[in-house]
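Visitor: Spelled out, the chains give:
2 protein chains.
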Amino acid sequence: MKPYKEMTREELLAEKAAGEARYQALKAKGLKLDMSRGKPSKAQLDLSNGMMDCLNSDSDMTCESGVDCRNYGIMDGIPEARRLLADMSEVPEKDILIYGNSSLNVMFDTVARAMSMGVCGHTPWGLLEKVKFLCPVPGYDRHFGITEFFGIEMINVPLLPTGPDMDMVEQLVANDPLIKGIWCVPKYSNPTGISYSDETVLRFAHLKPAAPDFRIFWDNAYSIHHLYDDDQDVILELLTEAKKAGNEDIVYKFISTSKVTFPGSGIAAFAASEANLADARRALFYQTIGHDKLNQLRHVRFFKDMDGIREHMKKQAAILRPKFEAVTEGLERELGGLEIGSWTKPKGGYFISFDALDGCAKKIVAKAKEAGVTMTGAGATYPYGKDPKDSNIRIAPSFPTPEELTAATEIFVLSVKLVSLEKYLTVK
Amino acid sequence: MKPYKEMTREELLAEKAAGEARYQALKAKGLKLDMSRGKPSKAQLDLSNGMMDCLNSDSDMTCESGVDCRNYGIMDGIPEARRLLADMSEVPEKDILIYGNSSLNVMFDTVARAMSMGVCGHTPWGLLEKVKFLCPVPGYDRHFGITEFFGIEMINVPLLPTGPDMDMVEQLVANDPLIKGIWCVPKYSNPTGISYSDETVLRFAHLKPAAPDFRIFWDNAYSIHHLYDDDQDVILELLTEAKKAGNEDIVYKFISTSKVTFPGSGIAAFAASEANLADARRALFYQTIGHDKLNQLRHVRFFKDMDGIREHMKKQAAILRPKFEAVTEGLERELGGLEIGSWTKPKGGYFISFDALDGCAKKIVAKAKEAGVTMTGAGATYPYGKDPKDSNIRIAPSFPTPEELTAATEIFVLSVKLVSLEKYLTVK
Chain H
1 MKPYKEMTRE ELLAEKAAGE ARYQALKAKG LKLDMSRGKP SKAQLDLSNG MMDCLNSDSD
61 MTCESGVDCR NYGIMDGIPE ARRLLADMSE VPEKDILIYG NSSLNVMFDT VARAMSMGVC
121 GHTPWGLLEK VKFLCPVPGY DRHFGITEFF GIEMINVPLL PTGPDMDMVE QLVANDPLIK
181 GIWCVPKYSN PTGISYSDET VLRFAHLKPA APDFRIFWDN AYSIHHLYDD DQDVILELLT
241 EAKKAGNEDI VYKFISTSKV TFPGSGIAAF AASEANLADA RRALFYQTIG HDKLNQLRHV
301 RFFKDMDGIR EHMKKQAAIL RPKFEAVTEG LERELGGLEI GSWTKPKGGY FISFDALDGC
361 AKKIVAKAKE AGVTMTGAGA TYPYGKDPKD SNIRIAPSFP TPEELTAATE IFVLSVKLVS
421 LEKYLTVK
Chain L
1 MKPYKEMTRE ELLAEKAAGE ARYQALKAKG LKLDMSRGKP SKAQLDLSNG MMDCLNSDSD
61 MTCESGVDCR NYGIMDGIPE ARRLLADMSE VPEKDILIYG NSSLNVMFDT VARAMSMGVC
121 GHTPWGLLEK VKFLCPVPGY DRHFGITEFF GIEMINVPLL PTGPDMDMVE QLVANDPLIK
181 GIWCVPKYSN PTGISYSDET VLRFAHLKPA APDFRIFWDN AYSIHHLYDD DQDVILELLT
241 EAKKAGNEDI VYKFISTSKV TFPGSGIAAF AASEANLADA RRALFYQTIG HDKLNQLRHV
301 RFFKDMDGIR EHMKKQAAIL RPKFEAVTEG LERELGGLEI GSWTKPKGGY FISFDALDGC
361 AKKIVAKAKE AGVTMTGAGA TYPYGKDPKD SNIRIAPSFP TPEELTAATE IFVLSVKLVS
421 LEKYLTVK
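Each protein sequence line maps, in turn, to chains H and L. Going by my numbering, the first residue of the first sequence is number 1, and it counts up by one from there. Going by my numbering, the first residue of the second sequence is number 1, and it counts up by one from there.
Excised from the complex, chain H in its bound form (with noise of 0.2 Å):
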């Protein structure tokens, strides 16, 4: 096929009219197909009804300390969930804390407390006259959507396939002391899935911001989340670094088992630094008497250890691997040579990111929700739903079934090719 740009008006309107033809046949179907959330499948959550089964009436209940899991108490979370999604997070067990049931929690609860409370000491960011934020783009929504909340000032960055742009992120963070955090998710990222080289690691790990409650919001949301067997992405793990490099406060570190188990009823965690834990601590010991450590007691029970987990992960990975290539497969397919669109071939996580011709992400969108798929809102990968190409759309394969997939991408290349078209035929 030959980019749309190098064909005649002819060729175009044949282009369009074919396309349409095709579309206006999908669309009377009246399907109802939904890409727009990164929510595992009923086939990945049936993976983990084990679960169900490793607590009973006749269970003990009883932690390795010793302690009741059914009462009051251990606020850190029970060692064996500790050491568990330690290993997880590749830090030592003393650097962790078990929160609730989502890291998302956990993320804005950080954020409040800062705005409330100040970082170790520091002034309240709330007292201040502004406070910023670096955003790596495109980026996860709903970390925008907490700073946005809290009033702070959101400062987009471009996101490189090695991660963040960190001539940008080092020359900011140097000379404004406003700037107090980035929100960073460092593997098979939301939404593009790269991962951040060794490099972009170490540079965060050195980072001298001019702000001293400065923190990086690390995100390891897909660290075991890979697609593939024989081709992972690994990453350096950051605390160890700036531990290393003398520079351990800079960064807090989230991760949970929302992807890996049961979305909002999994075991979410906080790793950071000695002094960082304590500040966390001296909020958490108003804040609750402990989180639900039958719910971590399950977890363990069920996974056992690190390879439980990975054995569990490979199997989420059977499920999602043709869906991701039913998808990528579909664009290559229909949109190849065409030069209208260029995405992502990640090698896990949960997302793929297709870029459109400048200002075409909204009506693509909109031409996809017409026939009956839904994707997640164009502008909704930027700080404050802007994207100011309008260009950037994610797609989350995983929640349909293959069939239902294989529909919803033939309708979005649909989409995108009908509305490149109406682009270049408004020119030509």
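Hint data in this document are derived by calculation from the structure and do not stem from the laboratory.
Partial list, computed: chain H residues near chain L (C-beta under 10 Å):
| hint | residue |
| --- | --- |
| 1 | Gly38 |
| 2 | Met51 |
| 3 | Ser57 |
| 4 | Cys69 |
| 5 | Ser102 |
| 6 | Phe108 |
| 7 | Pro124 |
| 8 | Gly145 |
| 9 | Ile146 |
| 10 | Thr261 |
| 11 | Phe262 |
| 12 | Pro263 |
| 13 | Arg282 |
| 14 | Gly290 |
| 15 | His291 |
| 16 | Asp292 |
Footprint (simulated), chain L over chain H, 3 or more residues, beta carbon under 8 Å:
| hint | region |
| --- | --- |
| 17 | 70 to 83 |
| 18 | 112 to 119 |
Remember, it's a predicted structure, so these values are computed and weren't measured experimentally. Every residue, glycine too, gets a C-beta built ideally from N, C-alpha and C.
Model the placement of chain L on the given structure of chain H, informed by the hints.
Guide: Using the frame of chain H, we list chain L on its own:
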């Protein structure tokens, strides 16, 4: 027995010698007993073990609205859990949101939100020169801990047998716009066990504070925690009364199943007016995608409905009642008529409140500790841990076995006697 204050020095010395001998004999046993926290006992926890069988790998884990509880979603809580907790809270289902595992956490988050974001559009408390809270005393140490953590100034208000001194409450809130809240445990109060009178609830419902963002933090922790079948406290439902008074925004109501099923692994809820729920949802939307719906489902399947909860609470009462009676009978038998202390005989809740002679509470707690009995720290029932009279001691009879409780009560009453004797002997 005649009152100590009427005894001669010789009589007091004889009483001291007898008490000292008994105390030393008990101390020599090297006991390790704990009456410090309101923790359910193992036998109470066992009552809820069946909940662990309610969901297993073959269960249908879909809630009434058709959503798979294993996946993301339903920020407000599943309908059947909202209905159950609404019944427990005596409010309509639409007035309640289900949160995570603990109401303490919800209260902390609610104050945190007010600090950083304000209440219903008003200035964030964190930006005000000062924020004050009214604290009925004696009261719950963890309430006072939250307001202390956020630097909120706490003002003591006497807790009378009918509830907080409402003349004082009305006068204070009407004249000081910096007073933003009051901590209340309206039923089987912690620690005195009293329940608010109808007049008190009605005066709260009609309260007219100077601050438009003043809220009553109504912690209904013991709403269904009766000790007796035939002699139960009933209080007016505040949100209903506040609605009648056109004053519904003044109420924040908190409830949880912590002392119904498993503390820390229960479900918590927040009930309030439409405007207050909208305010809470604005933050919730960014804080979470949904709380633990599987745990909500587990609770609903275990109890089925409010009748199920009531039957369950009768079993709890059967375990708790003899413990409360063992303590109050021990106090009556050993201290009756001596006029060196007074105590409450609650009909529900988790605590007995003991008032010693002024200046004796700390010494009594230390004396009991020396013989192996841990009590809640003297002063803990007051803001900043400062009981101005050093008189109040909270007794928590739930956790020890009945045998342990008899021994612990004996050590406690001997500690009261010896410390009181010391006080009288220094002046005689």
